[in-house]
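Heads up: the protein sequence lines correspond to chains A and B, in order.
The first sequence begins at 1 in the numbering used here and counts up one residue at a time.
The second sequence begins at 1 in the numbering used here and counts up one residue at a time.
These aren't lab readings, by the way, just hints derived from the structure by calculation.
One thing to keep in mind: the hints can contain errors.
Stated by the list, open to error - Taking lysine-lysine and the DSS-like style, the derived pairs with C-alpha atoms no more than 27 Å apart in a straight line are:
id	chain 1	residue 1	chain 2	residue 2
1	A	Lys3	B	Lys117
2	B	Lys178	A	Lys2
3	B	Lys87	A	Lys2
4	B	Lys178	A	Lys141
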Amino acid sequence: MKKIGIGIVTSVPCVNLTDLIALIEADTSIRHLAVSREEEGVGICAGAYLGGMKPALLMQNSGLGNSINALASLDLLYGIPLLIIVSHRGVEGEEVSAQVPMGLLTEPLLRSMGIPAIKPGPGEAEQAIVGGWSRSIGERKPVAILLDNAFWRSQ
Amino acid sequence: MRRIDAIRAVAEAAGDGLIVCNLGFPSRELFRVADRDRNFYMLGSMGLASSIGLGLAIAREDRRVIAIDGDGSILMNLGSLTTISAKARGNYLLVIMDNGVYGSTGCQPSASSCGIKLSELAKAAGIAPVRRTSSVSHLHKLVKEMPSGAIVAEVEAGNADVPLVPMGPRDIISRFAKAI
């Protein structure tokens with residue numbers, strides 16, 4: 001994220017994102033805002049983009065459901081880029097049953113919205129983030145990087 | 001105080017500050033009384049005026065940023081008050097137009113109409129200073145004097161007879177981006 005100049009990160013935690021959020025919080029070159037709900041993060045990121053910053057949102061895929069209207073009627077409507085880094089729970093290897101419904105819905109929802117989803121394997125995250133941001137700017141829309149259970153197990 | 005007069009007072013007192021305005025009639029009224037290239041008119045994403053304003057204020061600490069929100073909208077995103085309290089610096093002012101109703105959808109009562117004080121909620125979240133007013137001249141003075149914090153402007157229910165903002169989303173964002 002630093003490589004592409006992300007200057008502001010909003011986050012709602014997932015256990016998989018613990019180390020990443022701690023790294024971002026400790027990094028003085030990135031403003032980190034822990035937000036109360038994912039759509040709030042979409043709004044803050046949109047405002048920061050208006051002000052010239054490159055924004056990212058970190059969340060669990062459950063937060064996609066909380067932010068659909070904001071992604072559609074703010075980011076997609078105005079053409080606002082956003083890098084969304086998603087801990088994609090509820091897929092293969094999931095132990096918590098409540099994660100499964102949104103786990104299965106995540107990719108169909110993104111597809112319906114026309115938001116590109118990139119699914120890097122182990123060791124491909126950096127490339128996915130660089131490429132994802134470039135696509136987000138080029139297409140003027142959010143791009144989601146989906147990091148599933150297999151990705152996190154390999155870390 | 002009519003909301004359109006309150007909105008005019010905020011815009012006049014804002015100087016060259018950046019304004020993020022809530023969707024629906026508030027943006028239509030702002031466009032009518034004080035269209036300026038430093039206005040960002042929301043068209044959708046109800047509830048996020050205060051969040052968009054916060055992000056903008058963080059990105060542009062060299063500029064004064066004012067968000068014009070509503071009671072129904074802030075009630076949809078009360079967590080924003082806590083994030084503003086925790087993270088906003090001295091250049092961000094939140095102005096909540098409180099008319100106790102969802103004005104753009106037919107004036108259905110909001111919880112604010114049941115005696116709940118949004119100003120107390122903002123204070124409880126840790127925002128300071130927080131002021132309330134029901135007069136146009138006092139609102140103008142407060143906006144002039146307060147670079148940050150929150151103002152709850154108690155306005156009458158009802159919308160001015162004003163047309164839609166005659167700009168598309170891409171026009172709104174590109175004009176705003178050029179201006180700042």
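Structure-based check of all given hints:
no.	hint	result
1	A:Lys3 x B:Lys117	45 Å, violated
2	B:Lys178 x A:Lys2	26 Å, holds
3	B:Lys87 x A:Lys2	21 Å, holds
4	B:Lys178 x A:Lys141	20 Å, holds
Hint compliance for this structure: hint 1 alone is broken.
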